[in-house]
Amino acid sequence: MSFRGGAPAGRRTGGPPGKARTATSSTLTARRSPPILPRPMPVLRGAVTLSRFRVEPAKEAPSDVKRWLTRGLKAHAFEPIDRRSEEERAVGFVELENEESSEFPASRLYYGEYALFAFRIDTIKVPAAALKAELAKWAAAFEKENGRQPSRGEKTQSRGEIRQMLRNRATPRTSTVDVSWNLKTQQVQIWSASRKVVDEITVALEGGLGVKFFGLTPASMAQTAGIDESALGPTAELIGMDLPATASEEMAHGEA
Amino acid sequence: MARRDEARAEAAFMRGDVGVDGGATEETQDEAEVEKGKAREQLLRGRAYLGREFLTWLLWRTETGGPLVEVEGEGVSVLFMGRVVLRGVAGEVTEMSAKGTLAPYSEQVRHSLDRGLLVAQARLRFTHGEKEFEATVDSEFLDIRAGKLPALMSEEEDDQLSERLFLMEQLSAMVDALVQDFLSVRANKRWSKSVVPAMKEWMRGDEQGADALAKAARARGRDARSARG
Numbered sequence: 001m002s003f004r005g006g007a008p009a010g011r012r013t014g015g016p017p018g019k020a021r022t023a024t025s026s027t028l029t030a031r032r033s034p035p036i037l038p039r040p041m042p043v044l045r046g047a048v049t050l051s052r053f054r055v056e057p058a059k060e061a062p063s064d065v066k067r068w069l070t071r072g073l074k075a076h077a078f079e080p081i082d083r084r085s086e087e088e089r090a091v092g093f094v095e096l097e098n099e100e101s102s103e104f105p106a107s108r109l110y111y112g113e114y115a116l117f118a119f120r121i122d123t124i125k126v127p128a129a130a131l132k133a134e135l136a137k138w139a140a141a142f143e144k145e146n147g148r149q150p151s152r153g154e155k156t157q158s159r160g161e162i163r164q165m166l167r168n169r170a171t172p173r174t175s176t177v178d179v180s181w182n183l184k185t186q187q188v189q190i191w192s193a194s195r196k197v198v199d200e201i202t203v204a205l206e207g208g209l210g211v212k213f214f215g216l217t218p219a220s221m222a223q224t225a226g227i228d229e230s231a232l233g234p235t236a237e238l239i240g241m242d243l244p245a246t247a248s249e250e251m252a253h254g255e256a
Numbered sequence: 257m258a259r260r261d262e263a264r265a266e267a268a269f270m271r272g273d274v275g276v277d278g279g280a281t282e283e284t285q286d287e288a289e290v291e292k293g294k295a296r297e298q299l300l301r302g303r304a305y306l307g308r309e310f311l312t313w314l315l316w317r318t319e320t321g322g323p324l325v326e327v328e329g330e331g332v333s334v335l336f337m338g339r340v341v342l343r344g345v346a347g348e349v350t351e352m353s354a355k356g357t358l359a360p361y362s363e364q365v366r367h368s369l370d371r372g373l374l375v376a377q378a379r380l381r382f383t384h385g386e387k388e389f390e391a392t393v394d395s396e397f398l399d400i401r402a403g404k405l406p407a408l409m410s411e412e413e414d415d416q417l418s419e420r421l422f423l424m425e426q427l428s429a430m431v432d433a434l435v436q437d438f439l440s441v442r443a444n445k446r447w448s449k450s451v452v453p454a455m456k457e458w459m460r461g462d463e464q465g466a467d468a469l470a471k472a473a474r475a476r477g478r479d480a481r482s483a484r485g
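Sequence order for the protein chains is Y and R.
First residue of the first sequence: 1, per the numbering used here; consecutive thereafter.
First residue of the second sequence: 257, per the numbering used here; consecutive thereafter.
Misleading hints may appear alongside valid ones.
[Claimed, not checked] A partial selection of chain Y residues facing chain R, derived with a Cβ cut-off under 7 Å:
(1) 61
(2) 109
(3) 131
(4) 135
(5) 197
(6) 218
(7) 222
(8) 227
(9) 235
(10) 238
(11) 240
[Said to hold, decoys possible] In silico PhoX-like cross-links for lysine-lysine, where the CA-CA straight-line distance does not exceed 25 Å:
(12) Y/196 with R/387
(13) Y/196 with R/445
(14) Y/155 with Y/144
(15) Y/196 with R/292
(16) Y/125 with Y/144
[Stated by the list, open to error] Output of the computed footprint for chain R on chain Y, the stretches with three or more beta carbons under 8 Å from beta carbons of chain R:
(17) 48-60
(18) 111-122
(19) 187-196
Think of the hints as simulated: they come from the structure by calculation, not from any bench.
We put the beta carbon where it would ideally sit given N, CA and C, even for glycine.
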């Protein structure tokens with residue numbers, strides 16, 4: 001098993017942009033796409049940044065864990081952004097080794113007692129400044145050709161065409177977050193510090209697999225240990241003020 | 257012009273922005289109060305104060321040096337190093353950051369803790385047998401950030417992955433063992449009776465505080481011995 005990442009750039013970028021067919025194509029400024037390098041996998045190298053969870057099945061535990069997990073990941077597999085649509089973001093699970101694949105064969109998903117996979121996030125955005133600049137260029141060309149300024153309707157139509165053109169040319173920004181799941185201890189590590197992304201991944205896994213994620217926080221660990229909640233109110237001497245006992249009854253955020 | 261002003265005033269009244277006397281219906285909240293309210297909400301959400309109390313307790317415990325808990329039959333020592341972030345709700349300061357190799361143990365930090373701030377984030381060095389780990393631990397979720405694992409011994413890539421996952425789990429187990437130790441003290445009557453007073457004395461920096469710390473450490477040792485016996 002090799003862990004080197006990297007993938008053909010063509011598929012990741014959604015292929016080279018097709019030749020523009022509208023009148024605006026000639027006015028567009030060509031922009032070079034950034035080089036795509038193999039991504040460093042936090043699971044394998046570099047500083048360790050992760051959020052830790054304990055997993056419990058919401059209903060009864062599956063009999064064939066491996067099959068169940070593969071099916072769950074496939075249910076939330078990554079689908080690239082449809083360039084014809086308006087969507088700006090696509091997310092889903094991919095193989096750790098190959099962020100272009102969501103096949104999850106056992107040989108590439110399971111590693112000893114671990115399941116290793118990744119969550120891919122693609123975003124595609126048309127920069128407002130680029131759209132404005134291209135529109136101004138088009139308007140100038142239109143005026144030169146027709147001897148008048150474009151009408152509001154013509155401008156609106158052209159804006160849509162230019163947006164679509166820029167969208168076709170834009171390179172999606174791809175980021176992936178590694179996930180390691182110890183199937184023996186039922187502990188999951190999400191290798192990211194962004195709470196927003198971590199929450200998105202736990203929600204996707206909970207939805208796809210019918211499990212419940214519990215953050216390994218002191219509050220959740222106290223609950224697991226069966227410690228009486230009344231013994232865990234805020235310590236006024238340390239906090240410097242008395243806080244109402246009811247305040248601590250709020251929802252435990254550890255439950256993702 | 258006067259007509260326009262009248263119309264504006266009437267529209268504001270209709271919207272409910274002003275009362276019959278022309279005064280605002282809602283008082284604008286004091287900025288400091290809003291900030292304090294946010295800090296308070298952060299502290300209470302999901303019992304986040306437990307994580308802060310844990311790191312504050314851990315800072316106090318590490319002052320004595322020596323192993324604090326056992327993981328896989330070996331003692332774990334912890335040292336706070338570098339940057340430490342304190343947060344609180346009681347005074348004017350809601351967040352404070354201290355930087356410096358020994359900053360966490362400094363008088364300034366201890367006095368700030370005495371005034372109601374708690375440790376919200378800290379850089380920790382864990383010594384487990386001959387291995388050393390480092391990580392920034394966040395009190396709210398106990399996330400591990402910028403963790404450094406001991407140098408890998410394996411050469412093959414597959415083995416390196418295995419070893420790295422194993423070391424990551426060890427680091428995780430050390431954090432969990434410390435939290436469990438904290439919770440056993442926290443849920444005990446001893447917490448408010450002897451531990452918190454000893455922590456407060458240490459924060460104030462009196463000699464008595466150091467004595468109390470040593471006494472508390474000895475008491476813990478006795479407890480542990482009696483539990484084993």
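Exercise. Would you check the hint for residue 196 of chain Y and residue 445 of chain R, treating anything up to 25 Å between C-alpha atoms as holding?
Key: violated (38 Å)
Exercise. With chain R as the partner, please determine if residue 235 of chain Y meets the hint condition of a C-beta pair closer than 7 Å.
Key: holds (6 Å)
Quiz prompt | Interface hint status, residue 135 of chain Y versus chain R (Cβ within 7 Å) | solution = violated (37 Å)
Quiz item: Regarding the hint that residue 218 of chain Y lies at the interface with chain R, is the smallest CB-CB distance below 7 Å?
Solution: The hint holds - residue 218 of chain Y has a Cβ within 7 Å of chain R, the shortest such distance being about 4 Å.
Exercise. Mind checking the CB of residue 61 of chain Y against every CB in chain R and telling me if the closest is under 7 Å?
Key: violated (22 Å)
Quiz item: For the pair supplied as a hint, residue 125 of chain Y and residue 144 of chain Y, is the alpha-carbon distance within the 25 Å limit?
Solution: Answer violated: residue 125 of chain Y to residue 144 of chain Y is near 30 Å, above 25 Å.
Quiz item: Do at least three Cβ atoms from the region 187-196 of chain Y come closer than 8 Å to Cβ atoms of chain R?
Solution: It holds, with 4 qualifying residues against the three required.
Quiz item: Given the hint that residue 196 of chain Y pairs with residue 387 of chain R, does the C-alpha gap stay at or below 25 Å?
Solution: Cα-Cα ~33 Å, so violated.
Quiz item: Can residue 240 of chain Y be said to touch chain R, with a Cβ gap under 7 Å?
Solution: holds (2 Å)
Self-check item: Status of the residue 109 of chain Y interface restraint (C-beta, 7 Å, chain R)
Solution: violated (14 Å)
Self-check item: Pair hint residue 155 of chain Y and residue 144 of chain Y, alpha-carbon separation not exceeding 25 Å
Solution: holds (15 Å)
Self-check item: Residue hint residue 227 of chain Y, partner chain R, criterion CB-CB below 7 Å
Solution: Constraint on residue 227 of chain Y satisfied, holds at 5 Å.
Against the hints set out earlier in the document, violations occur for numbers 1, 2, 3, 4, 5, 12, 13 and 16.
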